[in-house]
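Asker: Protein chains in written order, with our numbering: chain A, 1 to 267; chain B, 1 to 712.
Hints were generated in silico from the structure; no laboratory data involved. Take the hints with a grain of salt, since some may be wrong.
[Stated by the list, open to error] Lysine to aspartate or glutamate pairs mimicking EDC-like chemistry, simulated, CA-CA at most 16 Å apart: (1) 142/A to 28/B; (2) 62/A to 434/B; (3) 183/A to 210/A; (4) 62/A to 265/B.
[Unchecked claim] Take a look, some chain A residues computed to stay more than 10 Å from chain B by CB distance: (5) 11; (6) 28; (7) 67; (8) 125; (9) 143; (10) 147; (11) 187; (12) 225; (13) 227; (14) 228; (15) 236; (16) 248.
[What the hints assert, rightly or not] Per label pair, the in silico range of CB-to-CB distance: (17) 626/B to 65/A: 41 to 51 Å; (18) 460/B to 13/A: 25 to 35 Å; (19) 171/A to 52/B: 52 to 62 Å.
Backbone N, C-alpha and C define an ideal beta-carbon position, used for all residues, glycine too.
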Amino acid sequence: MGVPPAVIVRDLRKSFFDESRGEVKAVDGLSFTCYPGEIFGLLGANGAGKTTTLRVLSTVLKPTGGSASVMGFDVVEDPEAVRRNLGFYSASTALYPRLTARETLEFFARINGYPEAGVEGRVRALVQRFGIGEYAHVRVEKLSTGMRQKVSIARTIAHDPPVLIFDEPTVGLDVLNALEMLKIIRELRGEGKAILYSSHIMSEVEKLCDRIGILHRGRLLALGTLAELQEATGLHYLEDIFVHYVVQAEGAAGARMGMLGELETGT
Amino acid sequence: MRRKPSFRSDSGTLAVLLRTELRMLLRDRRTLLLAVIAPLVIFPAYILILRFVESRERKALEEAVYGYAVTGSQADWAAELVEAALARPVLSADSSFFRPRFHRLEPADPFAALGRGDLRLVVEGLSAQEWDSLRAFREEAPAPSPESAPVAPVDPRRSERGVPALRLHFRGDSDFSTEAYRQLRGALEELRLARRDSLFRAAGFPLPLQEVVPVEAVSVASRAKEAGVFLGTALTPLLVLLMLSGGSIVAVDALSGEKERGTLETLLTTGARRSEIVRAKLLAVVAVGLAVAVFNVVNLVLYLVAGLIELPASLAVELRPVDTLLLLLLFLPLALLVAAALLLVSGASKSYREFQVYWFPLFVAFLLPSLVGALPGADLRSLLALVPVAGVALAVREILVGELDLPFVALAFLSTTASALYLTRLTEASLSNEKLISGADLEASDLTGGPALFPRRVLGWFAAFWVVFFLANLWLGGPLGLRGQILLNLLGIFGVGSWFLVRRYRLDPREALGLRRPPPAAWPAVLLGAPSALLLAVSGAELVNRYVLPVPEEVLQGFQRELLSSDLPPAETLLFLVGFPALFEELAFRGVLLHGLRQRIRNPWILAATVGMIFGLFHVSLFRILPTAWLGFLLTWVVLLSGSVYPAILWHALNNALAVFPHQFGWLPSDASPSAGWAVPAAVGLALSFRLLRIGGRPSPSRVLPKASPGA
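In isolation and in its complexed conformation, chain B is listed as follows (with noise of 0.2 Å):
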């Protein structure tokens, strides 16, 4: 009776789906008009008209003859003054020399003319005295009301020595008016420079001014590397922009479209799987994001060619194979990214309408992260290389500029890359959600809330958890000092949020944390367990460094920097560094997250490892990500075999101990760490507590039992 259907392969049903999602792109006019009528015409059309407007307008400000009127007390004297700037040539922007045009002018109200525009410039001319006074004024009531404002006293001494001033009085909303205060103020500047020159000569120094000290700035960078730096900053926001723009024209109309002309229903109902609706889109969207951003690169580089636009003398990058290849590697996963972004907004809109309401704040996730290049002194060996974008375009910044770092711009790419894989399988997963074809936008859980709603709450609620914890510490870390840091993060957070969970979403509190009395065989696994982990995890460092991948010096001494940098007296070490972080990050994470977490992944090993990776990431500081990652992993499983929360907070402590007491109490050098050789002992020690753990364990029955675990 089971008919099986001659199954095509995979590949193929992708390939029929990509080859018709693309024919129905092409014949698509709104795509073909934004991807390639807008690159071709539009773009370097509006460059051009720029440029004639911009020609037009420098030509007409520096042909145009500024009217400006003489005034004040030293009248007469500011008259000679500005006749005698306007008869020498002023130097211009592009470096040239030319004699500014003015005509003056005398009419009765001249700060009434230069309001209604009858003229663009008034020189008001002070004596000494009224100058003094006005910068006394300034300087002793900076905001004073008009009618309060107290008659500044005025020193006699520097009356009498001082000299008269000019005040230019321009129009700031004027193109017309402000040109003519820059050339007048430029000219001016020029005739005070050439005077003191004079009278410094005439009273017997032996050389011009300018020749006095005279500074010279050498870059001891190429050109290349500094056109690398501006390139570098440049590149991949454009290239983000390009995309995004290329790639909402089609991922617009690959879900929300299809929703909106009821053709998504009849997609579902083809024997295609979601995933394969899904990557053919994705690869679609990706397709003609890079189309459009290469025929927006082409079309430059044509127009370039042309002579129509000039190229910057900053753009003069040299550019190894390598290091095209390695852009390349780079961008990829950026598109992918891009595209996968794009998909899963067009999924979640019920329409074109929805879908460009969403656009923009898309727009701007995209843009910030990829303008990281222009902020002064973000580095590549930092937490940025695992923000998604951040990562590549400092990476793409640092290969333009030469200095390539292996290690990474790999972890660069992963960052996105694995960014890009999540937000492709949600948009699957999205494909699979009954609400894109129901209408009924809620599940049984969220009636009824409680238990049920946790596990799908969990993870929303560590991410706002990470959130505050990343703001506190950013905001509050300096004032409050280490111990009310710990304080904040440990009882605020993971103890109040713990609890703040557990009421709100009336959980069990022994069985959310974990809180039952574990085995006996748990306690020597644990004392086994511990020093033989944090061994490993050194030792092991160690054998890395040396062999597979080696480790910066300045990671190096970050690690041990954020290890070892406490000055705190023995109890307070004991209290604020080892006590407190076992006991609270033990109940929040082995214990409220692990246990919303359990319902959701039934696979153990990833279990613990995204548990593990999770507490890893609430240790913002990059050197300790990974080795905090690794703790956690092992934790969760000691939780997950010993079906109890107070190992693995003996575990925690331990290992803190372990870490901080021997060099903080000079029990070690600071520089002292364990061999390579160790590796191989504490690697048969931890194998040796986990097999006490299976042997001796009592797992939970409501917990995930392992069908292999380490140690088994």
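One chain only, chain A, in its complex shape (with noise of 0.2 Å):
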């Protein structure tokens, strides 16, 4: 790649602490970076660290080690200007109920500094481009799920920022909304965004992520192209790539043990 890395993360740790646990390590040394008009997979399973490493990026949670860029604003040094150069997608984000479809993209536009004299035109754009123009003066609260969707997609785009973060957006979806959900994605690449995408869905991240890395109780196994990765196996499958990496870390036991048992193949 000829430009510089959107996002730059190295040996990023966190850790939290429990009672019971003690320390636990959610992102342990963690390394890697992500290119404009690049789909970044985090592949990993439930409780990898995929959540804590975006949430990181996105400054809701400080980093225990390390350093975490986003379009060469420091996640801890200037949280503000890190977070107004990005959209944050979750399945775990909700939108205002009683904003209408309208007022959400003003809001999140204007909150995050686009500039005023452009909002009205961004708005519509947005409103056209997701088709929700029927629906732009309903009350969030009384929009079907589908619908919803795109207003949250539309919203984390609102303010047009160079990286996006989608943690688990398909979760919940049924298999339309979902693959309407990729198809956007994809769209969003070919506009030049730097994407880091999180999934335990393997078949979502084989077929749209440029480079995946395969993360596992915070450490990154394995990073590269699928081919690279493929490469590097002798495997075929992402699905098989995965549990290859996984059973070298853990041990066949270990992996024979249910470790997978929370993986989705998909389809």
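Using the hints, build the complex out of the two chains.
Answerer: Following this line, the structure appears as structure tokens:
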């Protein structure tokens, strides 16, 4: 890649402290980069540290060690600038039920520093792009799940950020809505956005991501394009590649004892 | 590569947040219902229903015919007396006369009938002997068991001279029975007075009894002032109640509601700063809290004007425009404090339900200080001025009474404002707290404990020490006397407390208490600095009193009383007022407290001011807080610059000795104080002292080394 990375993560560490378990290293020495026009996939089972990593990047959590930057802004030193360059979408983030779809988009564009003169035009374009014109003046609480999902993606990119984070975006969606989501994400890559995509669904990651990082117990086990990972392991399917690395890290017994039970192979 | 977005100004982001917040609130049915519909409909409806029920009940009680029975050994006499009494009109509660309606019944067992509710009253006629026996029995055996109750001896002379008596039996749990008792008792007392009067006049007494030494009460206060006392006491609690109830509707939705809905994480990943988010929400809570208060007051006025509610005569207050302005100024920080507290609780709650659990304690915490105006003797010129809400409540009362004391009103304003700002800061910090999102509720030091945890806990411990200190002095201060009190405070609380903290958090005593050899230059610096600082404090106070802010005479007298009211012999004065305070207070405040706080507060000026203010607050009397805070501020700098607690101990001892000995031993007249002219040389002496400390000092590597310091 000729352009500098939009996201740089270096030796990132994040620990939580729990009365019963003591120190829990949710992220343990993670390093990767993500370039403009690239979808970087973080693949891992539940509890692997994907969401924690993305929350550190969105400045909601503070790292215990290492560093991370978005568009050159450090997540600890300049969190507001990081967030203004970032669109964060997660299955757990919600919309304000008492705002209309249009008000939602206006609010998120303005709050993220989009130039005031361009807000109206930007919102009009988003309404048209996502086909929510008919419902633009309807309160979010009255919208269907699919329509809410569209408003949610639209609000994520309302301020036209160069970096987008999608944390398990298809969780809870039916097949058609999930496919629609993946289509939009591909379009956004085409617009030059740097996209971090986390999932535990192999098929999604396999089809969507340009490069893949396999995350397990907070550590990055492997990183590369699907072809590079296939070449390194001699395996064809991402599911097999994933199991290969996890078994290597944990031992075969650990893998057999249900460690992989939380993984979905998808379609 | 770095793409700096077109940053909106803070006020712009704040406006967007606030506008959206208010828009969402106005679309919330609960807000409209509780903030608008309730005041407009429910409260007046409640008052009207209450009035209707009350008037109906009053009418029923007045129109009722009360059945009564007469019994006892003197029943005939009693019946005659009751009939005579009921034949006279009785004075009612509204100062009009009316004739009571009673109907005599003759049940077989009057007391059983009273128990069943068949009649309202039983009048028992007792002979003089019976009455005397009863009285003597009550006086000599107040609580005998029925089985063993001895028959009380009867004084035969009293029986001979005595008169028969009436006992009125009624049921206190019945409105009708109680009203019957009240009316008959009033009628009997009227009759007694009339008969006594007739007897006196028949015996030649020259005038009616009511005209003997008539007493008339005259209040020299105007009606407006009397009204001010009433309204001033009631206004703050009323407003606090309205702001709490109105503000809580918004506050609960603002943070705990957002958490529950999952919108908080969405908001936290936007470009808005935490401070902007909190301020927007705070303004929304203040706006709604004030709006609800205004709605209620306007509503009340409308109903008064419409005649649905009568205005009590005691509310005829006269307010000058400047007083109205001051009242508004005082209520603003109060509204801000209420909003900040509600928001803080909302932030700490994970859900609506949890917020509701915390709401009542919060309500009590605000209502109690707001009621301080009702306490007899509560005065703004006291420590109460520094207590948030309580200070405002007293200031409001004094403004309404017309006794304006601006310095103390300002103090009340500042204390409530400072608390509001502090709570706002806490709420901002809570939004940065990962517990909001991650659910992990511990930090590394919580698990390891020890020195790493100490900086996070030190303020909590000193707050606990303050409570123990305050309560111990309140309850034990008198019985222990001065010596016992000083021993309890210094050895018991500061000494044992410091030792306990060093042990509990496994602190290195040398490091935690600052037990290091100071640089030689520290000693001459202390010998020059201690008298200079004391002189500067006293002469500076004189200057401020003369040119900036005149201090009331009672404040000055109070300060002198606090400092000089000791009659200990010289050796004990040296021990109890000089040696012990210097040693134990320095180890606690410039040792343990400073050790914990220096890891949290990096700016040495703020650090010294914080340690100084906490030190001041432990000298509970209002007159001593500022002077001791000043001393604590300087002593913190001494330790920071010298790296040792020993020079601070010597400075403290010298300060106390110089403050106490000259007056106590008559070296100076009790009213003597340095003139304002001493301020300049004292300031020079103090600056030189700190210069000496800075040049010759040897701060510990772990201690904060200030970039700038006094005398630098």
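Asker: Within a Cα-Cα threshold of 16 Å, do residue 62/A and residue 434/B meet the stated pairing?
Answerer: Distance of about 8 Å is within 16 Å: holds.
Asker: Is the Cβ of residue 67/A farther than 10 Å from every Cβ of chain B?
Answerer: 15 Å, holds
Asker: Just tell me: holds or violated, for the beta carbon distance of residue 171/A and residue 52/B against 52 to 62 Å?
Answerer: Since residue 171/A and residue 52/B have Cβ atoms about 59 Å apart, the given range 52 to 62 Å holds.
Asker: Residue 125/A clear of chain B by more than 10 Å, beta carbon to beta carbon?
Answerer: 18 Å, holds
Asker: A range of 41 to 51 Å was offered for this pair. Does it hold for the Cβ distance of residue 626/B and residue 65/A?
Answerer: 45 Å, holds
Asker: Please settle this one: residue 248/A was flagged as non-interface, so is its CB more than 10 Å from every CB on chain B?
Answerer: Answer for residue 248/A: holds, closest chain B Cβ roughly 29 Å.
Asker: Could you check that no beta carbon of chain B comes within 10 Å of the beta carbon of residue 143/A?
Answerer: 15 Å, holds
Asker: Minimum C-beta separation from residue 225/A to chain B exceeding 10 Å: can you confirm that?
Answerer: 23 Å, holds
Asker: CA of residue 142/A to CA of residue 28/B, is that 16 Å or under?
Answerer: 14 Å, holds
Asker: Is residue 62/A within 16 Å of residue 265/B, Cα to Cα?
Answerer: 14 Å, holds
Asker: Taking C-beta pairs only, is residue 28/A more than 10 Å away from all of chain B?
Answerer: Since the minimum Cβ distance to chain B is about 15 Å, residue 28/A lies beyond 10 Å and the statement holds.
Asker: Say whether it holds or is violated: residue 228/A keeps its Cβ farther than 10 Å from all Cβ of chain B.
Answerer: 26 Å, holds
Every hint from the earlier list agrees with this structure, and none is contradicted.
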